[in-house]
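J.: Sequences and hints are given; from them, build the entire structure.
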Amino acid sequence: MIQIRIGGWAGQGVILAGTILAETFSRVLKKNVVMTRSYTAAVRSGITTSDIIVDDDEIYDLIITRPNVMIFMYQKTLDRYIDLAKKSDFVIVDSSLIKNIPEEIKNVYKIDASRIASEISSPRIANMVLLGYYSRVTGHLGLRDLEESIRNTVSKRFVEEDIRAITAGYSFSPQ
Amino acid sequence: MIQIRIGGWAGQGVILAGTILAETFSRVLKKNVVMTRSYTAAVRSGITTSDIIVDDDEIYDLIITRPNVMIFMYQKTLDRYIDLAKKSDFVIVDSSLIKNIPEEIKNVYKIDASRIASEISSPRIANMVLLGYYSRVTGHLGLRDLEESIRNTVSKRFVEEDIRAITAGYSFSPQ
Amino acid sequence: MITSRYIKENYVRRLPSAFCPGCGDGQILNAIIRAIDHLKIDRKDVAAVSGIGCSAWIPSPYLRVDSLHTTHGRPIAFATGLKVANPRLKVIVVSGDGDATGIGGNHLLHAARSNVGITVIMVNNGLYAMTGGQVAPTTPHEAKTTTTPYGNPAFSLDVSRVVAAAGASYVARWTTWHMNQLIRSIEKAIMKKGFSFIEVLSQCPTYEGRMLNMDHIQMLEWFKNKFREDADGIYKIGEFVDIEKPELTEELEKMIERVKK
Amino acid sequence: MITSRYIKENYVRRLPSAFCPGCGDGQILNAIIRAIDHLKIDRKDVAAVSGIGCSAWIPSPYLRVDSLHTTHGRPIAFATGLKVANPRLKVIVVSGDGDATGIGGNHLLHAARSNVGITVIMVNNGLYAMTGGQVAPTTPHEAKTTTTPYGNPAFSLDVSRVVAAAGASYVARWTTWHMNQLIRSIEKAIMKKGFSFIEVLSQCPTYEGRMLNMDHIQMLEWFKNKFREDADGIYKIGEFVDIEKPELTEELEKMIERVKK
Amino acid sequence: MKAKEIIIDRNLCKGCSICIHVCPKKTLGISEDINEYGLFYPKVEDLASCIVCRLCELYCPDFAIEVVQE
Amino acid sequence: MKAKEIIIDRNLCKGCSICIHVCPKKTLGISEDINEYGLFYPKVEDLASCIVCRLCELYCPDFAIEVVQE
Amino acid sequence: MISPGEYFVEGDLAAAYGAIKAGCLFFAGYPITPASEITQAMAELLPRVGGKFLQMEDEIASISAIIGASWAGLKSMTATSGPGFSLMQENIGYAAMTETPIVIIDVQRAGPAIGQASRPAQGDIMQSRFGSHGDYETIVLSPNSVQEMFDLTIKAFNLAETYRVPVIVLSDAEVGHMMERLIVPENVEIVNRRIAKSLQETTIYDESLVSPMGRFGDGLELMITGSTHRPDGTRDTGTPEVQESLVKRLVNKIEKNRERIENWEEMYTDDADILVISHGASSRPSKGAVIRARKEGIKAGFLRPKVLWPSPEKRMKELESNVKKVILPEMSLRGYKMEVERIFRGKLLHMPKVGGVVPTVEEILKKIREASL
Amino acid sequence: MISPGEYFVEGDLAAAYGAIKAGCLFFAGYPITPASEITQAMAELLPRVGGKFLQMEDEIASISAIIGASWAGLKSMTATSGPGFSLMQENIGYAAMTETPIVIIDVQRAGPAIGQASRPAQGDIMQSRFGSHGDYETIVLSPNSVQEMFDLTIKAFNLAETYRVPVIVLSDAEVGHMMERLIVPENVEIVNRRIAKSLQETTIYDESLVSPMGRFGDGLELMITGSTHRPDGTRDTGTPEVQESLVKRLVNKIEKNRERIENWEEMYTDDADILVISHGASSRPSKGAVIRARKEGIKAGFLRPKVLWPSPEKRMKELESNVKKVILPEMSLRGYKMEVERIFRGKLLHMPKVGGVVPTVEEILKKIREASL
Ligand SMILES: Cc1ncc(C[n+]2csc(CCOP(=O)(O)OP(=O)(O)O)c2C)c(N)n1
Ligand SMILES: Cc1ncc(C[n+]2csc(CCOP(=O)(O)OP(=O)(O)O)c2C)c(N)n1
Ligand code: SF4
Ligand code: SF4
Ligand code: SF4
Ligand code: SF4
Ligand code: SF4
Ligand code: SF4
Ligand SMILES: [Mg+2]
Ligand SMILES: [Mg+2]
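Top to bottom, those sequences are chains P, C, S, G, D, F, R and E.
By the count of the numbering used here, the first sequence reaches residue 175 at its end, each step adding exactly one.
By the count of the numbering used here, the second sequence reaches residue 175 at its end, each step adding exactly one.
By the count of the numbering used here, the third sequence reaches residue 261 at its end, each step adding exactly one.
By the count of the numbering used here, the fourth sequence reaches residue 261 at its end, each step adding exactly one.
By the count of the numbering used here, the fifth sequence reaches residue 70 at its end, each step adding exactly one.
By the count of the numbering used here, the sixth sequence reaches residue 70 at its end, each step adding exactly one.
By the count of the numbering used here, the seventh sequence reaches residue 373 at its end, each step adding exactly one.
By the count of the numbering used here, the eighth sequence reaches residue 373 at its end, each step adding exactly one.
Hints are computed from structural coordinates only; laboratory data are not their basis.
Fair warning: there could be bad hints in the mix.
20 Å max Cα-Cα, derived PhoX-like pairs, lysine-lysine [as the list claims (entries may be wrong)]:
#1 K337/R <-> K317/E
#2 K44/S <-> K197/E
#3 K248/E <-> K337/R
#4 K25/D <-> K224/S
#5 K347/E <-> K314/R
#6 K347/R <-> K299/E
#7 K314/R <-> K317/E
#8 K144/S <-> K260/G
#9 K260/S <-> K144/G
Computed Cβ-Cβ distance ranges for the label pairs, DEER-style [stated by the list, open to error]:
#10 D46/D <-> M191/S: 39 to 45 Å
#11 R345/R <-> P102/P: 53 to 59 Å
#12 K44/G <-> R66/P: 48 to 54 Å
#13 S155/P <-> D33/F: 27 to 33 Å
The structure presented is a predicted model; accordingly, all values stated were derived computationally and were not measured.
Glycine included, every Cβ here is placed at the ideal spot set by N, Cα and C.
T.: Given below as structure tokens:
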């Protein structure tokens, strides 16, 4: 079983990233997958998360209890889920946006995702950069798998941009 | 215990008559009284009844099961309650309006109430004529008791007219 | 000319009606039947929808067409579903002033706005009759009713004006005195492509009569003398709106054609 | 002149707000605060009532007065009870176009009709924003939203026109571009004895922006250029109604005086 | 046009007298009898005066009156 | 009138640039930095040009800008 | 007003008298058979005591207005019947969530839907507790006489003010429309809410889990919301603990105080083999039948919840071990059945009467006799 | 449309797919979190299959419109969540009374009132049966996966058409918003109502107490009313027997066919000491916990009603005598508790979780362990 949480602020594309990741596991890798999302209201503000649970078996738990990977795009989201983050095998953060990472959190993987995204086109695709980096860091799936999923899911005019972003994330060396 | 049903057609003043009778038992004669009413809809049509149950004890039954008196102002109401009428000690009818009284019904007391009422003022006070006649026939209460009740209940401008009607009903000799 | 016998044999489910003596609701039934008959449309293509109230009983059970007697205030919403689901039907809503503008005012507004091709005939007797003569949105300021024993503190709604403002294709007001105009107006409304609305002032001798201190004959006289095409405000009768614009059902059908390709 | 700091210290409960970047709702909060401040009324005599929607969050929790955040579509009915129960209060309803005219259209109609002395500020962003950009009664014909992916088959409501027809004492329309006029208009509405209504066209960059294919700056420009006092229909801004007539609360108080004697 | 007969259905007539009121020719009047509900129904005062305009039928709320043409 | 300072609260500003757009004097411009949500906030391009009209404060939806008068 | 003494009035009017006596100063309603008489009476009576009456455009507006008025500090009420009661459900949940004291009288008629508009039934009992979405509790009273229409309406206000909950008086067309003697006593016990003097005070719960209530216009800067909120009113829909403690308290406010709220009448229960449980109009013949059964030597007993929710659970559980059969005569197929069955299970003989007519003593007695065999 | 194959979609979308597959041709709705996605999907899908979509002015209008459309002969549906579901209650009763087949999806969120609008809960179970006034019955289904959102929506249409009742799919924000694999099969079983060819036919009930349904526009001169009526539609509110036979049939239509309608999943129940009953989202961890408990040697069993109303009463009663304890994990303080308690009484350990979060396998397992001591 793999448990992943992506957390950010409304409007950052957290749920889109979660969807692409979940689809990759389900449709490309043929795993059992449950993806859930959480937001405080439909207005574009507040903490937003996307949780993905992957298993070869039937999935019983619908919420993350012992995460394998946590990806953070917003300081307050990290602050809120600090307890879970401490237990996670990998903690990936957009270091353009998150400055304070408490010492108790181990296995931190930083990437300047928003900046990298801005260089490609705009900070809005930082989520894709993080997905690429996730693939590189965890090896849970390959860059090609993500790419296939993006081609299936994302509307045509964004596909190339997104693929550049995941590739950039993938190429970033873990630090 | 005394059980009384007054039955007619919407708009004939069945409920007003029932109310006056019930009030007389309750407030003048200090009995326990329950008065209920039944009509098919609030529109001025359809069968309307008013049931009065009088007792010295607490009243448990809320509906008429074994009537002592039934007063009818409309043919179809009589037709509908024929089974109860057969059991009743007294069956009083406005013979201006009701022409067919089945033979099985005993103890019938007819009075040309609408005509008598018209002579006083209008057929609308036939209900009062019937109340007066009821008093005469059954002796359950006196003309004075009814009069007191009317003075307490009915709006001033109708009091005299109504009292003339009950008196006329009372004066009518039972046939 | 149409006779009572012809009407009873062809259009009325059963009689006598449950209305009080002299109630205008019977006249409106009479008018609707004559309009349908004049139009020579097949009765099976006509559907009547009503809410709850004395006036809601005009079609249900008396009018011999498919009839949907719904909940209080909601007939227009039911009718919208019925019409959109089967655009062939001529859907006629008969609704009281309380039903259509009290509890149901919002559905009236939105049916007019979306221009769904149904006809609403609103019987305005100035109060809630069926429940015993309570104040309605159409009750005059300061009038006494069973729930405004000291006079109505609120004002009455000029319903036709609001429906016109909301975007209806056809809006007219008549009274039960104006039987011939009313019948012609109903014919026009039924054939109108978009949303059509007819307000009919009607006498309710039992409660409205008490409020206005008139009997039904006096009310008919009042309708005749006071309600005129050249009068003002609520007393103005006639056709207020008669325009053409895209109708909802047609728009949906066109959309389906477009999308299915 | 009022500064941001002064406003934050005196009138705002907490920040940052939950609105999207560039959303007009923050501007409307700003305008309401300035109007209250200009009037120099005691904040404790002001009550804000709202329904559900992005715009309903303008007063709740941001505006530092007693606030009643009610159910979707019902703030005007709650406000009516509050006002009648304590006529001293200046009751301000802030409601979205969906809240006030979709589910809540009937309450708006009847508050206007009965002329209850509350103020309704309706934020018109042309759709249901909070739930994700669905079609509203204010959405233009043929516009694409999340529930009209092939275009809106219905028409939009000219809300101010309908409210005027229903009998309101004060009706005005502005946009978030017209901040100064809006503030003065809110002041006037609050002090108006009868029912007052202000429609404010506001930019919702997230959903309305997608529908109109504009960002919030383009929308502000559109408000500035297209919405004028001499324009027509929905583009016409300004004061449409400003009359005096008996107000409900006062009528009730007078009635009580009369009856108690 | 002349009327052969004017039929008032005593089961349907509610005695509202609207027919009497709208008749342009005073053909109809109020009877002294009451029907089964205790109400007075109309009667034909002068059949010959009837012009078969059928206003009485048009206005009768209860479909209770019928004019039979000669 | 002259501005002493123009304060942009980085915790409140959502980078909508409405202030920049309404400023009659082009006193404000867009910064290159992003705030904590990943959005660009405004910066003062030319303090001297400011006439303290406070239109920026009037239009800012987030009470994020404040002009301090000299 | 409503001077002490004897009256002969219908149940609906007695309820209006009770409301006035209880200190009700605001009523908003919409006519509906068989509750219109309450509305009409309030229209007549309220202005005479300086209170406000509004007829609104519908039942949703009516309950909204009384919640608004309650926040202005006035005791507020509405009255309706089934269809209107169904429409009020959303805002009953809102009143529960915002802890607004209001009284709702539902004069039940025979449903579903429009049904038999002027005939009595008892089909709204489960709805009165479960009609709105989500977790909440209300208090529901069941009068069986004109006198109780008066008494229990007063009690309803007292409970609403004490626990800051919507309280429902669940009457029916029989009790609402019947006329009987009403005694208006010299003194009635009245409870008034505790008014908070600061926002802080509104967050302090006493042992019954209730806090003083703020009032609009007092300068407390109240934040009232139907969204999940912290004790001071701050909306917080993202923290599970906030929802948990709020909702649990709303429910426990009734649950933990249930023994103070529960109320019932009983007779011959000590040694009863056959227990007749009944409420509202049908409890009248039920009681008569139990008395008659005793005269026939049958060990029948009688239990009548005057408070339906919370039910007399503890008392019923006590009786459960002793009785052999339980008869529940009521004018509904659902009525109170599930609650009684929950406790008495297989011992329950449900005796629903559908058709808009109250059962008779004779019918119930027959059932008792059968059960005693 | 909706070609057979594999999808990865959220539950709401799967429900819309199911509706289209079932032959739904009319949808009227009003947006609300977390059901808006169903409405949006229907807006997109329906025109493509020649169906009609309307967004109405509110939820009352929405349910009114689908009832109207159903009488025009189209399979019709709406979707909502708690607040909207509360508003629909009056007309749910109307649909039951007029025997109109309609499907309503309630994607439950945490209440009461506005509550936590985007968080899941299971607090509307009692409301789904008792939310409208008077005596009636509905059928209520409970999906626990994206696949079941599809499957049970189809089943809902089939049941609605078979029994001419409103059928409710009671989902929740968790199942509605989660994404999982969906398999759309080649063939799905579809039931269509029997259409009456004469008014007479509409009065003839088959052994399941259902009659063929008339259709507007066919010339049958239908009289449809929510008032008490005779079999041919004639309104008759004054005859007790008419009400009695109508209402009893409406209830018996479900009650007497319950064994055909009831549906549940069970596992390890044969020898279970501890039975875990759960439904919807919370049944997922419940099942996981039972499997884990078995691995630990605890004799746990699992029962999941897929049809909540009518409940699997007979099966529960069978199990009652064997099990020692019953655990009911659910996201509500009321949920299904009363129904389970009615059958298992003192054996029930209710395990409500309030706060908008699904319980975990670990939490439930802990409870099972405690119960097994
Ligand atoms: C939800 C609901 N509320 C109230 C009622 C009670 N009710 C029945 S008819 C009616 C008033 C009808 O008035 P109107 O529409 O003007 O018709 P009229 O009787 O005057 O013709 C009311 C309030 C109801 N049936 N349903
Ligand atoms: C009874 C009910 N139905 C639906 C909803 C869902 N809902 C919440 S906000 C909203 C729309 C708000 O639109 P609008 O009033 O225009 O406000 P905006 O968000 O656009 O400012 C809806 C439909 C609800 N909360 N309650
Ligand atoms: S109460 Fe009025 S509207 Fe109703 S039937 Fe009688 S006269 Fe007509
Ligand atoms: S969704 Fe639209 S209306 Fe709502 S906060 Fe965002 S921009 Fe404003
Ligand atoms: S109008 Fe009709 S109902 Fe009235 S009196 Fe004449 S015939 Fe009778
Ligand atoms: S047909 Fe004309 S003239 Fe003859 S009775 Fe009727 S109304 Fe009078
Ligand atoms: S208007 Fe306000 S929120 Fe927008 S960029 Fe300027 S300071 Fe920031
Ligand atoms: S005060 Fe006026 S000039 Fe100065 S920055 Fe603001 S808008 Fe520009
Ligand atoms: Mg009316
Ligand atoms: Mg909006």
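J.: Please flag the earlier hints that this structure goes against, numbers listed from lowest up.
T.: As far as the earlier hints go, 6, 7 are violated by this structure, in ascending order.
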